[in-house]
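Protein chains in written order, with the numbering used here: chain Y, 1 to 300; chain S, 301 to 600; chain D, 601 to 912; chain H, 913 to 1224.
Be aware that one or more of the hints could be misleading.
For each label pair, taking beta carbons as the anchor points, the in silico distance ranges come out as [claimed, not checked]: (1) GLN960/H - ALA264/Y: 52 to 60 Å; (2) LYS1001/H - ALA790/D: 55 to 63 Å; (3) GLU865/D - ARG546/S: 33 to 41 Å; (4) THR1008/H - LEU329/S: 31 to 39 Å; (5) GLY374/S - ALA868/D: 17 to 25 Å; (6) ASP789/D - VAL553/S: 47 to 55 Å; (7) GLU261/Y - GLU950/H: 55 to 63 Å.
Covered stretches of chain D (chain Y as the covering partner; in silico rule of three or more C-beta atoms under 8 Å from a C-beta of chain Y) [to be verified]: (8) 638-652; (9) 686-697; (10) 714-724; (11) 775-783; (12) 836-850.
FYI, nobody ran anything at the bench for these hints, they're computed from the structure.
Backbone N, C-alpha and C define an ideal beta-carbon position, used for all residues, glycine too.
Letter by letter, the chains look like this.
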Amino acid sequence: MVRVTDEVRRLRRRFQERGEESQIWDAVLLARHTSRPYTLDYVGGLFSDFYELHGDRAFADDPAIVAGIGTYHGRPVVCVGNQKGRDTVEERIRRNFGMARPEGYRKAIRAFELADRLGFPVLTFVDTPGAYPGVGAEERGQAGMIASSILAMARLEVPVIATVIGEGGSGGALALAVGDRVLMQENAIYSVISPEGCASILWKDAAQARKAAYAFRPTAASCLDLGVIDAVVAEPSGGAHKDHERAIRLVDVAISAALDEVLALAPRDRRLARRAKFRRMGVWGTAEPDTTASGLAAER
Amino acid sequence: MVRVTDEVRRLRRRFQERGEESQIWDAVLLARHTSRPYTLDYVGGLFSDFYELHGDRAFADDPAIVAGIGTYHGRPVVCVGNQKGRDTVEERIRRNFGMARPEGYRKAIRAFELADRLGFPVLTFVDTPGAYPGVGAEERGQAGMIASSILAMARLEVPVIATVIGEGGSGGALALAVGDRVLMQENAIYSVISPEGCASILWKDAAQARKAAYAFRPTAASCLDLGVIDAVVAEPSGGAHKDHERAIRLVDVAISAALDEVLALAPRDRRLARRAKFRRMGVWGTAEPDTTASGLAAER
Amino acid sequence: MAEISVNIQRDGDDPRPTTARKDPNTCPTCRSHYRADELVALLRVCRQCGHHFVVGARERIAQLCDPGSFVEHAADLRSADPLAFIDLKAYADRLTDAELATGLGDAITVGVGTIGGSPTALAVMDFGFLGGSMGSVVGEKLAVASDLAVARGVPLIAVAASGGARMQENILALMQMAKTVMAIDQLRDARLPFISVCTHPTTGGVIASFAALGDVTLAEPDALMSFAGPRVVQDTTKERLPDDFGRSHANLRLGHVDAVVPRSELAATLARLLRLFAGSIPEPVVPAPPRAAPPSLGQRLASLFRRGASRG
Amino acid sequence: MAEISVNIQRDGDDPRPTTARKDPNTCPTCRSHYRADELVALLRVCRQCGHHFVVGARERIAQLCDPGSFVEHAADLRSADPLAFIDLKAYADRLTDAELATGLGDAITVGVGTIGGSPTALAVMDFGFLGGSMGSVVGEKLAVASDLAVARGVPLIAVAASGGARMQENILALMQMAKTVMAIDQLRDARLPFISVCTHPTTGGVIASFAALGDVTLAEPDALMSFAGPRVVQDTTKERLPDDFGRSHANLRLGHVDAVVPRSELAATLARLLRLFAGSIPEPVVPAPPRAAPPSLGQRLASLFRRGASRG
Ligand SMILES: [Zn+2]
Ligand SMILES: [Zn+2]
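With the rest of the complex left out, here is chain Y (with noise of 0.2 Å):
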């Protein structure tokens, strides 16, 4: 009923030929893992200085996503990025687990608008379960917020490079990976809601996560695959928590391959051409010209 492009058809194959299922749930595994390093862990590996800007100028100051100024190969660029917290549980509550509230994302709308204004790059660094889904966040327009900081990254001229380096998760994830190159990690998993929340959604089932992951491919081969990123980056074998600094030094080589690229670009046509990219997001068919509407209707 569909008539579908060549596209679909060497998706579809590609992701039956390739048997991938194991890795999905290492990837999910691998992508949580509580000894990955985190945005702060990048941070320290890239910048030979970085200085956390602090607060949304309205109403708090957001622990779950970080932002600031670094020097990233001696050229000043801004950073954002979640955090989730290490160690201690005081401390992954302080993070709220990665999961932002408001406050964090108009903390990184502020920094991508300093970016702007002082022509320095943007670096993400995206690694939540998603955005925090209380009361309080929702009244405060956590809707809103994700909105305008996906609308903020649309708009800036300067060179927007993001990497998903743990979970990539829902709208609170892409908020921050409005990139002109948007990188992946090996075993990091992007997707528009948990495996969890996905099984428990159509399996009625949250146990049935797996399942839900094998269905819906948040691996970055996948994202890859349907042009969603633009490269995936290795990890020491094993995962990136089991050499930070190697796991560190393979995304500082794809970062700056990429940010060379964009910096190419007068400031103009990068804004237009991250836009045209995201533009020809999606994956459709079209109608087949003998099914008619009316034989539909006909049919109720």
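On the provided structure of chain Y, position chains S, D and H with the ligands as indicated by the hints.
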């Protein structure tokens, strides 16, 4: 000791000669007259249609500031103004006596940005004792939001005509008054603090408000002399409250004329001219060449 | 590790009584029953209690646009299931069923028309098509609507009704949030107004993208507008939710919408806003399309899928 | 009509013990007493309890700038009292007294210098001059500082210490809020960073204008940063104020500053920020001024008033 300019001498002489003391206190009373036309009265009289916008997209809607899209002589404009409550105690409290919270200024900023985006001129109406000095308002960034509102107005490339129609009280008023042209009604007042506040600080007695008002001259005539406003708008005899319709018509004529002048400029020129205009504001002298700091320091 | 199922609203997340789903013509609030034609004439608003029933895309367009003025675009786009997604049921089958049930190609209908005589581009979602979920086709068609507005120099009105992103397209669905936000940004560059109308429900990835970015944002009474659904919030935080959690009047109080507009006033309100905005709209850069004579609903449905996609 | 005395902080509005005013060398918190030279060497921070005493403009510049690097501009500007303002005392007399007491022409000192080797424009307020109140001269000199930054292509650092706008200049004082905000906007157009440092107190019209608009905003420990003073808030609202109302660490928690920086770390922090920003700074459009040999404080004071205003 201070070498003052001819301009300063002219101003002082003028103020001394005027003998305007009784007019000053009359203006304070008339500016606060509860039957005086308020922002929504001008909205009703000046615009053939008006759609009010609500909310700051972050925390609340502040009824102490109204913002909306209006049709002014066939042209779409954005209108923002302080709004005092009339008639009932409940309504006055709901409008918080015209004292805005950060949410009000954030709504104003949203309206200013909408105007700039769509190319609509901005008309503001200033009528507030000041921004609300409450704990919550302070905690949510009253100061920064006033600064941001001033900055937002400074950055507009569309025409901005501000009219002081009652009490122009402090930073809470200025936050809506950064105009290419600033008009002021004959009996409106505009000052850095209320006469009562000034008296309570400098005379240590709020009851000396009349004395304070005489000393610091919050009147339209004084503001015009000092180069702070561009024109004084006449009121019906006895004050604007005596004849709303006529008061509104006089304001209409003044705004129309000002808008026509400002529309003649190119957008970027308009912004730079606004900046240059405010850059000129202030009156100062220079040190006499023979007054040296060493001499002064020696006296200590 | 606190793993949270976040962010996506869906059909089943509506906390209100489900009677309406069982009998679409019975008011879920006051149990008043209506004939089908009666409900259409009432704009699907309960005469007794004011409850606003869900309205499908074509019926919504008929409620808002001047008769015969609406011309649909990009009607032939169809979701293509690139992931070959299967949960308890195959996505491909869900799509077929939805198309059979609604007569629509996907959860949004876009085109150009006039409201109160003012030309506008329109994008109207349909909650009946897989819960109004946003996948690649919804995103593309919203972008087409923005293109239409820019090409004709007219505003865009989007009427949202959506449980959020379409899980079956996973990451591609997520990307539609960025794609639609950029479609709005394109309007901003062109100095064209965007009016967002949020109806019950406008949640998840839709309220967190284009629907939140109206120059003017309107909402229908009692529409749920939240990023996370009430159940997700409740389960995650164990907080007691306010009774009006996420509802449009709470959103008005909290500063997130400009007005709550009863459906009976929606067409007039949009007409008024289009008139207010009109002076600012640049002259059309392409001639307006010829106005077709008003086709009947049957004619329109019949001709719908034969019309090719047009991008302005 | 609720008439409220709003918005202006002043000298007498400091709710802390007033001992410091009686004996400027005794810590108001822990009563430790210091010799004058000792306090200077300690950067005016109490060794016992960490209390940060108020610092005058010249001493602050000496604390921050590389020795001998600071060159003052616009030093000859003086407030002119256009309103011929008299309250319990004439404004003209207050100005003379303040100048005699501080050796400063007004409540701000501006110029260019280097911090940790990085060139920057500086604007440093002095609370000792009429409570650091902002009148025409403060506004003009802040604008001159912005001009200097733009002309040299260097950042601007403003160290605020102010009770707010200067009432004796009334509406002209109010206008300095707009004038200084536009001075910051001019920096933004030139893509130059602005670092705001708020010290005790930064209130009223100063925190509601340029001081709130730092690309990075720092605060000293326990500095009061509020628009309305605690007493005004208390009197107006009858609310119970939090103990840390308006204090810098409350402002950090509430998202209004980037960091609370102890005075001992301020110069190093500013040096670090200037280095971080440095890659972004356009090449100077005019040659940097020749570096004078470091004059003694006495020399600097002596030569101060003879130096003409320079606007970059
Ligand atoms: Zn009912
Ligand atoms: Zn002490």
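Tested hints:
For GLN960/H and ALA264/Y, the hinted distance range of 52 to 60 Å is satisfied, since their beta carbons lie about 58 Å from each other. At about 60 Å, the CB distance of LYS1001/H to ALA790/D agrees with the hint of 55 to 63 Å. GLU865/D and ARG546/S have their C-beta atoms about 34 Å apart, which keeps the hinted 33 to 41 Å range intact. A hinted range of 31 to 39 Å holds for the C-beta pair THR1008/H and LEU329/S, which are about 35 Å apart.
Against the hinted window of 17 to 25 Å, the Cβ-Cβ separation of GLY374/S and ALA868/D comes to about 21 Å, which satisfies the hint. Distance hint for ASP789/D and VAL553/S: a CB-CB separation of about 36 Å, inconsistent with the stated range 47 to 55 Å. A hinted range of 55 to 63 Å holds for the C-beta pair GLU261/Y and GLU950/H, which are about 58 Å apart. Chain Y is given as covering the region 638-652 of chain D, and this is violated because 0 residues of the stretch bring a CB closer than 8 Å to a CB of that chain, at least three being needed.
For the region 686-697 of chain D, the proposed coverage by chain Y is satisfied: 5 residues have a C-beta within less than 8 Å of a C-beta in that chain, meeting the threshold of three. Restraint check on the region 714-724 of chain D versus chain Y: 0 residues with Cβ-Cβ distances below 8 Å, three needed, restraint violated. With 8 residues bearing a CB less than 8 Å from a CB of chain Y, the region 775-783 of chain D meets the requirement of three and the coverage assertion stands. A count of 8 residues in the region 836-850 of chain D with a Cβ less than 8 Å from any Cβ of chain Y is obtained; the coverage claim is therefore met, three being the minimum.
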